[in-house]
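Top line first, the protein sequences correspond to chains Y and Z.
The UniProt record's numbering numbers the first residue of the first sequence as 1 and each following residue consecutively.
The UniProt record's numbering numbers the first residue of the second sequence as 1 and each following residue consecutively.
Calculated directly from the structure, the hints in this document are not laboratory data.
Warning: the hint list may mix true and false statements.
As the list claims (entries may be wrong) - DEER-style ranges, computed between Cβ atoms: (1) VAL262(Y) / ALA115(Z): 28 to 36 Å; (2) GLU49(Y) / GLY331(Z): 51 to 59 Å; (3) GLY48(Y) / GLU341(Z): 51 to 59 Å; (4) GLY175(Z) / LEU68(Y): 33 to 41 Å; (5) ALA222(Y) / THR58(Z): 48 to 56 Å; (6) PRO154(Z) / GLY174(Y): 54 to 62 Å; (7) TRP155(Z) / GLY48(Y): 28 to 36 Å; (8) ALA115(Z) / THR274(Y): 18 to 26 Å; (9) GLU49(Y) / GLU294(Z): 51 to 59 Å; (10) THR173(Y) / LEU209(Z): 54 to 62 Å; (11) ARG14(Y) / GLU164(Z): 13 to 21 Å; (12) THR274(Y) / GLY175(Z): 55 to 63 Å; (13) THR58(Z) / ALA60(Y): 37 to 45 Å; (14) GLY175(Z) / ALA23(Y): 28 to 36 Å.
Backbone N, C-alpha and C fix where the C-beta goes; we use that ideal spot for every residue, glycine too.
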Amino acid sequence: MSTTGPSAGNPASRFAPGTFVPAPGPGSRIRMLLAHARVETLLTLRHGEQLLLTVLIPIALLVALSLLDVLPGVDGAVAGSGGTGARVHEVAPGILALAVMSSAFTGQAIALGFDRKYGVLKRLAATALPRWLLVCGRMVAALVVVLIQVSLVTLVALALGWRPELAGVLPATGLLVAGTAAFGALGVLLGGALRADIVLALANIVWFVLLLAGGILLTPSAFPPGIAHAVTLVPSGALAEGLRAALMDGATAWTSLAVLMVWAVTAAAAASRTTRLT
Amino acid sequence: MDDGDVLPLVVVNEPATPSLRLADGDLPAASARDGTGDRADAATPALEITGVVKRFGTVTAVNGIGLTMRRGHLLALLGPNGAGKTTTVEVCEGHARPDAGTVRVLGRDPQTERAALRSRIGVMPQGGGAFPGVRAEEMLRLVASCARHPLDVPWLLDTLGLRECRRTPFKRLSGGQQQRLSLACAIVGRPELVFLDEPTAGMDPQARLLVWDLLSALRADGVSILLTTHMMEEAETLADHVVIVDAGRVIADGSPRTLTATDPNVGHIRFRAKAGLDTGLLTAALPEDYLVRELTPGTYRVDGHVDPQVVSTVTAWCAQQGVLAEHLHVGGRDLEEVFLELTGRELRS
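Using the sequences plus the hints, can you model the full thing?
Take a look at the structure:
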């Protein structure tokens with residue numbers, strides 16, 4: 001019969017005594033936050049489908065809609081200078097809103113759904129990483145990704161002749177942050193509650209519906225009056241309209257900002273109750 | 001269960017009382033091993049649960065489990081599939097809220113004092129537990145960054161044979177590599193207590209030996225370890241304390257020694273010889289109550305009290321058959337027998 005008890009201090013062990021003497025304790029919060037945000041960002045940037053959704057589709061739409069006269073209400077002639085330069089002027093703000101929605105909402109929800117499915121949240125919940133830091137890490141990662149998206153979209157738009165109102169850059173920045181918070185919270189609300197495959201389907205459907213009817217491609221003025229008002233109250237409509245006001249007219253759309261904040265707070269409150277680790 | 005005669009060990013149908021559970025009476029380990037915990041709770045058990053019940057809908061996964069694990073001990077939670085092992089561990093980790101009973105981990109309630117406990121325990125969940133696209137080293141570094149004094153990440157990767165695949169995404173690691181990474185994540189923060197849910201499942205024999213060596217070293221350094229396993233050999237080799245659970249209840253509890261070496265009438269001889277020998281002759285040659293079986297072609301086993309006379313009878317029978325008994329093994333009861341007797345031999349769904 002083999003040994004009946006454990007062999008404490010086994011001389012044949014490859015581990016020197018004292019190697020694993022306990023020394024527990026939480027790491028520094030800032031290190032945890034940065035490490036978590038870094039991994040989340042890298043995973044998003046490395047993920048091919050995510051890049052398609054968050055970068056390639058917005059840029060392809062930006063180029064196509066600026067070069068082709070396909071959207072009603074976007075008319076180069078009205079803007080005076082005519083052609084591509086005028087169309088990109090009206091298209092670019094909506095594309096920025098689309099980029100935010102793609103990564104902060106759809107990408108976030110799908111990633112969270114699958115992270116839950118694969119037990120990632122359970123694993124991280126077993127470390128010293130507090131729940132609020134877990135959320136902050138994801139938020140920082142979402143903001144980094146949005147920063148990259150906005151930079152790329154802006155560069156392409158500038159190349160297409162876009163000349164945004166400089167007075168609108170500051171309000172636009174505020175709107176982008178608020179939009180990331182609102183869409184991010186909605187993404188967590190969706191991705192944290194349902195099964196991964198259902199999240200995948202729903203997040204894509206919502207993305208498509210909001211793209212077409214949520215004030216991103218079509219401005220609210222393209223809809224009948226009653227519906228137009230509703231469109232400005234959904235997060236996509238608020239963000240896109242706010243960005244148009246800022247970057248086309250240099251105005252600060254306080255209403256849009258307020259609408260996004262309400263969405264962010266409401267969705268975050270709901271998500272904190274419904275989000276499950278598995 | 002009514003096997004008091006054949007199984008003179010601690011058989012518990014109701015939640016066990018502490019006196020039954022602390023079978024092999026050393027003093028509580030309140031030594032340098034507990035150097036880092038707060039002094040006040042250094043004498044409390046690493047884990048103490050009583051009467052824990054956990055239901056999922058109409059299914060009762062855990063039905064009144066109680067157990068105590070002392071500081072610096074390795075406790076093996078043994079049981080068939082669906083016995084409630086994983087649920088018990090999840091209740092201890094604070095992932096699942098028990099419907100009844102009390103749970104104390106390092107003297108604290110994992111539900112209400114989770115934040116205080118989290119950095120002191122290490123967890124290896126069953127399967128998964130990493131972003132599908134994360135590289136092995138990134139995952140371990142992320143978990144290490146959550147600890148104040150983590151183990152050296154490159155050293156740990158090297159030790160667990162993960163250096164070659166440190167840049168491989170988690171989803172492309174083999175099952176055994178995923179298990180080793182998960183184990184690394186559980187211990188990288190130098191915890192006082194680790195929960196390992198089937199740590200060697202899916203590992204090849206070399207990796208399993210490495211993990212056993214690692215677990216022995218952790219235990220020798222004063223880390224308290226709760227592991228679940230189906231592997232008797234694992235429990236027998238590593239554990240100070242074995243708790244056998246079935247259908248959500250504790251059915252036996254004690255050190256491997258108290259669980260196995262109890263009844264002198266229970267023993268066995270096992271050997272290999274030519275297949276298809278006539279075991280009837282051997283049965284006739286042995287005293288009554290001995291069971292002779294050919295387990296698999298060419299592997300024979302005699303169950304009953306083993307003394308020199310019995311060994312002589314067996315070898316005489318072999319000589320009579322003109323065969324040489326190879327790998328002749330004389331054994332007492334092992335945990336596998338205890339386990340099968342307690343949990344039944346039929347295959348579970």
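Consistency of the hints with the structure:
| no. | hint | in the structure |
| --- | --- | --- |
| 1 | VAL262(Y) / ALA115(Z): 28 to 36 Å | holds, 31 Å |
| 2 | GLU49(Y) / GLY331(Z): 51 to 59 Å | holds, 57 Å |
| 3 | GLY48(Y) / GLU341(Z): 51 to 59 Å | holds, 55 Å |
| 4 | GLY175(Z) / LEU68(Y): 33 to 41 Å | violated, 51 Å |
| 5 | ALA222(Y) / THR58(Z): 48 to 56 Å | holds, 54 Å |
| 6 | PRO154(Z) / GLY174(Y): 54 to 62 Å | violated, 43 Å |
| 7 | TRP155(Z) / GLY48(Y): 28 to 36 Å | holds, 33 Å |
| 8 | ALA115(Z) / THR274(Y): 18 to 26 Å | holds, 21 Å |
| 9 | GLU49(Y) / GLU294(Z): 51 to 59 Å | holds, 58 Å |
| 10 | THR173(Y) / LEU209(Z): 54 to 62 Å | holds, 58 Å |
| 11 | ARG14(Y) / GLU164(Z): 13 to 21 Å | holds, 18 Å |
| 12 | THR274(Y) / GLY175(Z): 55 to 63 Å | violated, 33 Å |
| 13 | THR58(Z) / ALA60(Y): 37 to 45 Å | violated, 52 Å |
| 14 | GLY175(Z) / ALA23(Y): 28 to 36 Å | holds, 31 Å |
Consistency note: the structure conflicts with the earlier hints numbered 4, 6, 12 and 13.
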